[in-house]
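Q: With the hints in hand, could you dock these two chains into one complex?
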Amino acid sequence: MKVIEARELKKIYGRGEGRVEALAGVSLDVEPGEWVSVVGPSGSGKSTLMNLLGLLDRPTSGSYVLDGREVSGLAGGDLARARRELIGFVFQSYNLLPRQSARRNVELPLVYAGMRGAERRKLALGALEQVELSDRAGHRPPELSGGQKQRVAIARALVGRPAMLLADEPTGNLDTKSGAGILDLFGELNASGVTLIVVTHDPEVAQRGDRIVDIRDGLVFADERSRGVEVGE
Amino acid sequence: MQIAGMGLSGLLVNWGRTILTMLGIVIGVAAVVLLASLGNGIQKSISGQINDLGPNLITVSPGTSGEQDGGDNGPFGAAAASTLKPEDTRLVEDLPGVAAASSNVSTVAPVERESVSFSGVDPSYNEIRAVGLAAGRFVEGRGEVVLSEADARRLLDSGPGEAVGKTLPVGTPPEDAPERDPERDPERGQNRLPERIPERIPERLREQIPERLSEDAAPEQAREPRQEPAPEPVRRYDVVGVAEASDVEFGPPIPEASYVATADALEISGVETVGQIVVQAENAGAVDRVVGGIGKELRAAHGGARDFSVITQRELLSTFTEITDQLKIFLAGIAGISLLVGGIGVMNIMLVSVAERTREIGVRKALGATNADVLFQFLLEAILLSLIGGVIGVAVGVVGAAVLPEILTDLPPAVVTGNEVALAFGVSALIGVVFGVLPAYRSARLQPVEALRRE
Ligand SMILES: Nc1ncnc2c1ncn2[C@@H]1O[C@H](COP(=O)(O)OP(=O)(O)O)[C@@H](O)[C@H]1O
Ligand SMILES: [Mg+2]
Numbered sequence: 001m002k003v004i005e006a007r008e009l010k011k012i013y014g015r016g017e018g019r020v021e022a023l024a025g026v027s028l029d030v031e032p033g034e035w036v037s038v039v040g041p042s043g044s045g046k047s048t049l050m051n052l053l054g055l056l057d058r059p060t061s062g063s064y065v066l067d068g069r070e071v072s073g074l075a076g077g078d079l080a081r082a083r084r085e086l087i088g089f090v091f092q093s094y095n096l097l098p099r100q101s102a103r104r105n106v107e108l109p110l111v112y113a114g115m116r117g118a119e120r121r122k123l124a125l126g127a128l129e130q131v132e133l134s135d136r137a138g139h140r141p142p143e144l145s146g147g148q149k150q151r152v153a154i155a156r157a158l159v160g161r162p163a164m165l166l167a168d169e170p171t172g173n174l175d176t177k178s179g180a181g182i183l184d185l186f187g188e189l190n191a192s193g194v195t196l197i198v199v200t201h202d203p204e205v206a207q208r209g210d211r212i213v214d215i216r217d218g219l220v221f222a223d224e225r226s227r228g229v230e231v232g233e
Numbered sequence: 234m235q236i237a238g239m240g241l242s243g244l245l246v247n248w249g250r251t252i253l254t255m256l257g258i259v260i261g262v263a264a265v266v267l268l269a270s271l272g273n274g275i276q277k278s279i280s281g282q283i284n285d286l287g288p289n290l291i292t293v294s295p296g297t298s299g300e301q302d303g304g305d306n307g308p309f310g311a312a313a314a315s316t317l318k319p320e321d322t323r324l325v326e327d328l329p330g331v332a333a334a335s336s337n338v339s340t341v342a343p344v345e346r347e348s349v350s351f352s353g354v355d356p357s358y359n360e361i362r363a364v365g366l367a368a369g370r371f372v373e374g375r376g377e378v379v380l381s382e383a384d385a386r387r388l389l390d391s392g393p394g395e396a397v398g399k400t401l402p403v404g405t406p407p408e409d410a411p412e413r414d415p416e417r418d419p420e421r422g423q424n425r426l427p428e429r430i431p432e433r434i435p436e437r438l439r440e441q442i443p444e445r446l447s448e449d450a451a452p453e454q455a456r457e458p459r460q461e462p463a464p465e466p467v468r469r470y471d472v473v474g475v476a477e478a479s480d481v482e483f484g485p486p487i488p489e490a491s492y493v494a495t496a497d498a499l500e501i502s503g504v505e506t507v508g509q510i511v512v513q514a515e516n517a518g519a520v521d522r523v524v525g526g527i528g529k530e531l532r533a534a535h536g537g538a539r540d541f542s543v544i545t546q547r548e549l550l551s552t553f554t555e556i557t558d559q560l561k562i563f564l565a566g567i568a569g570i571s572l573l574v575g576g577i578g579v580m581n582i583m584l585v586s587v588a589e590r591t592r593e594i595g596v597r598k599a600l601g602a603t604n605a606d607v608l609f610q611f612l613l614e615a616i617l618l619s620l621i622g623g624v625i626g627v628a629v630g631v632v633g634a635a636v637l638p639e640i641l642t643d644l645p646p647a648v649v650t651g652n653e654v655a656l657a658f659g660v661s662a663l664i665g666v667v668f669g670v671l672p673a674y675r676s677a678r679l680q681p682v683e684a685l686r687r688e
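Those protein sequence lines, which keep their order, are chains A and B. Per my numbering, the first sequence runs over residues 1 to 233. Per my numbering, the second sequence runs over residues 234 to 688.
The shape of chain B in the complex, shown without the other chains (with noise of 0.2 Å):
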């Protein structure tokens, strides 16, 4: 109990060096408990919004899995690509195990003088992806359009409430293009595009449209009147929905774009083929039913060629958890280098002190102290100073961990755990301990008159 009180006292009357070897395990424990912190808040987040995308997500995208690219390659690009067809969607919907499934074709149109992506989805697509809505409804059906909160402002200069009942000029061809036009192939007539690219197109675009300009020029249509200079084609979309800025980073993406009807985006597109099936299993345990369904029956469809490939949502997850886990493993390497640096630190300090308190070691001997007293001292003084500089790096960590997101913004919040806390006072402590004990040990074995007579 003395003895107990001179330990303590001994923190206190050399308070420079008890502050100095406190910082060593005060930087070593706040560095393993940040890092830590920030390594499982990036994994936890990533994981987070994977599994956000549903964990029962299945992706059909055309081309074999080497080639596949989730649909997104561009407006014409991937469509043209393309093997899947509505039908292909609707085949895979009516599968055991399948709780909804949707097409999803990207596809680019003028409004005005600018040119917006569009997204076409079945109106499943919302139970799907759950795409967040800031007002209204989602798509229905044929001739409704979600914007994006960004098209909205841009294009309708109007925030998500304004919007919605307000209707959108898409340049399209006019509804009623096939009707006018029996004779004309019947592949094309519904897709077919404006004669005249308008001059709003941005050149990319025009670029892209297939040869169809040429076609459209050719004498037998001569007569059409559309063929003359006409008032741009354009139909008027009801806004029925706005939806939220996503903030999905991984996994397939939700493109940023308005959302229509996978009809009018076909006819917009000019094509018959979607970019991506997107399904979802009824639960967990039915995603390995419905791949192997989907392959089978779309292979059948497709005449046995497996020309699409179908990634679930757990494979993308093990891909990120690799690349998280080794994340992970890189920063738990730095913070054990500044554990062991603040390690180091603290043993240079004690033994320096130990060095230093020989003397001391003599002169408590001398005056009657044993050896198990002199040792219960140095034991007690390295176990507190240990103990409040775990202590106070924990809290340092936690803080810094709590704080460190907010300033640096791309960082998500960290996620502190007890096991890092644990470790970091642990692997403190011992050093603490055997450091401030193990010198204090082999001076304290010194006869007195040897001890007193180090300097």
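So here's chain A without its partners, still in its complex pose (with noise of 0.2 Å):
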């Protein structure tokens, strides 16, 4: 079964003169464990895009089946379970609490599933462990490097389990060797079996991807398998 298979998804901003087609109708299917690296030139389509994959946003039409479930038509409960126990979203900007500490940050999304305080901290614990923050589990936002915060929303978009992670541009405010931290620890992630969809401009980044799927003017232009990825097998 696939992760998402996605049909023809079409998103328009507006109306009248103002009106802009952002996605004029990508259809996407990602395998589980695959890591997927998303492409193309600034205001093609490729945030609009992550945003209909990632639950944020509705499209204007097309169907879009998560985890073997439809869920264009979700709302309400079932659209906020849907978010918190199939998707993982990473963010270019972090979009952290700032005045929350980096583990209550964690444990946000395990406060919208019930969970009790004390299993929280555990898991929530546990993601920071992974992504290498442990000792900083008590420190808040701002006195975070952004390397560090992105690994705090990594653990965040972790800590439930997702059946993928959806990250738009996670290194795009980071420095090169912050930024080569995050990608390792993709790496690392991918291969422990998380399905990734990451969305850069850097081909180098681009490449450490299983497939790229490059989007112009709202449509994929390309989809091929990466030459990294080939030249590894």
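Note that these hints are calculated values from the structure, not bench results. It is possible that some hints are incorrect.
To be verified - Example chain B residues on the side facing chain A (calculated, C-beta under 7 Å, incomplete):
#1 G601
#2 A602
#3 D606
#4 Q680
For each residue, glycine too, the CB sits at the ideal point set by N, CA and C.
A: Shown next as structure tokens:
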């Protein structure tokens, strides 16, 4: 069974003069355990696609089967549950709650899953250990570096054991060294079976994936096996 | 449960915003509680003072109500205009439903080098107006005086305890004057003044003493021994008691005067009419009957002329209640404005904070929070804010209501009632909840990505 089966996803912003067709009909299948790199010029619709796949926004039309279930029509509690059980989302700008500690930020998805405090704490500390930030659990985001913040965000995305991890330019705000560290972390996660979809405009970063999906003007321009993996095999 | 914890920690985590928001609620609630309590206190104090006079008090004054003045407009003036006689008091006393009645005559007499105000009253006056005595007993007959505390100090240089038992030299005609002058016009004989106005009577009073001086100087009386410059006629009064300073500020005033018997006061002032008759009905139910009786009997006694007016305590009370009600409305208006200003402050901070927190709402929704989760969190924060702010506001208001009258001693003690507290609390809670939750509701309905886009 595929993790993602998206068909003819369209997203249109605005009406009349201001109408923008950000996605013009994108179809995409993702297998479990796959690492998909999404590339394309700025404004081509990469983020729009990721937001639809991450259930952060609704498509104007099209169908989206996630983990075997049609989710494009979900609303309310079902939608919230699908978000927290199936998807871990990593943003370019981290989107951590600035006044809460790293641990409490990581706990957030578990809070909404209704998990008790002690268990929540245990899982959150485990996730922080996985991203090698155990020693920063009590720090709040302003006290962390960009790379550390992104690690906290990744721990938060992972803690609920979602079906896949979506990352929209996760290294976009980081220096090369921190970015490399994050990509190494993705490599480990992918090796342990986590499905990854990572947006990047860096060709080298894109080569770390199994596949490279190139988006142009809201359409899939190319969808190829990456050379890096082919070389490795 | 987990989300409830988050509401609390949300408040703690953003304590700066929490305190600002709370401040608006605290100020609004405190203002309402304080002002309403002060208003209650003033009303209670006034009606209490009027009730202290006795709910069954009836006052008969000379003149019709338009010109009646309670017989308190000066030592001679009122008496001169009066149409009430001591016999009227006895008449009223015998009416059905009357518990007690007393004349009241105001006068001034010289005591050594001072001029002193005296209230001439019947012994029953003490029952009616409950004159507080610092020492001794009330006037029970002629030749006795109850001094005010101030007069005791001024005239005898004595405290209340020391004054009782002393005598007071009051400048009046000798007691035996009428007997020594049987041919005198009987109408004047009893009340005649000294022929010579003693030097020590102040200028003001001298002018008010009627033409008697010239009459006394008439040739036919020239042989009278008293006409020669003689030692001043002085009568010694026994000081039998000292009255406490009165704290009654409303209603027919208890004059800050010393008391003598009605007959003595009439003798001093040289008139035959009394300034006022104070009457106590047996009970509140008898008041109307007594008022009717007084009207009928006195009119008959005065040959059909209604040359007096009757005022009851209830009329007085309702007049003052009207005034204090207006005062309360005024204070309530101020309190309402404070609450409104506080509410607008809360509203502003809530609106700003929800705008700031739209991003937070987006994050929470992206992580799997339902709209209900988000709303519950904001509702809880708002309720906690309003509750804590309301409690602090009530505390500040109650403490202020207790402390302010201590500092501003003219204010009567404030009376805090549950109504105002509940109202202030309710309004602040409503403001907090409505303005905390409504904007959050709008943000929660956004798609997470839209909420995240807000900066
Ligand atoms: N909320 C929005 N309202 C209107 N237009 C938008 C909105 N979000 C994105 N767009 C437009 O949709 C197109 C695709 O945007 P986006 O998906 O962010 O591109 P990318 O992430 O590939 O740079 C752009 O032309 C952008 O201007
Ligand atoms: Mg983008």
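Q: Work down the list of hints and note, for each, if the structure agrees.
A: Verification of the supplied hints:
Checking G601 (chain B) against chain A by beta carbon gives a least distance of about 2 Å; that is within 7 Å, so the hint holds. For the restraint placing A602 (chain B) at the interface with chain A, the shortest Cβ-Cβ distance is roughly 5 Å, inside the 7 Å limit, so the hint holds. A least Cβ separation of about 6 Å between D606 (chain B) and chain A falls short of the 7 Å threshold, and the interface hint therefore holds. Interface restraint check: Q680 (chain B) against chain A, minimum CB-CB distance 5 Å, threshold 7 Å, status holds.
Hint violations for this structure: none, all hints satisfied.
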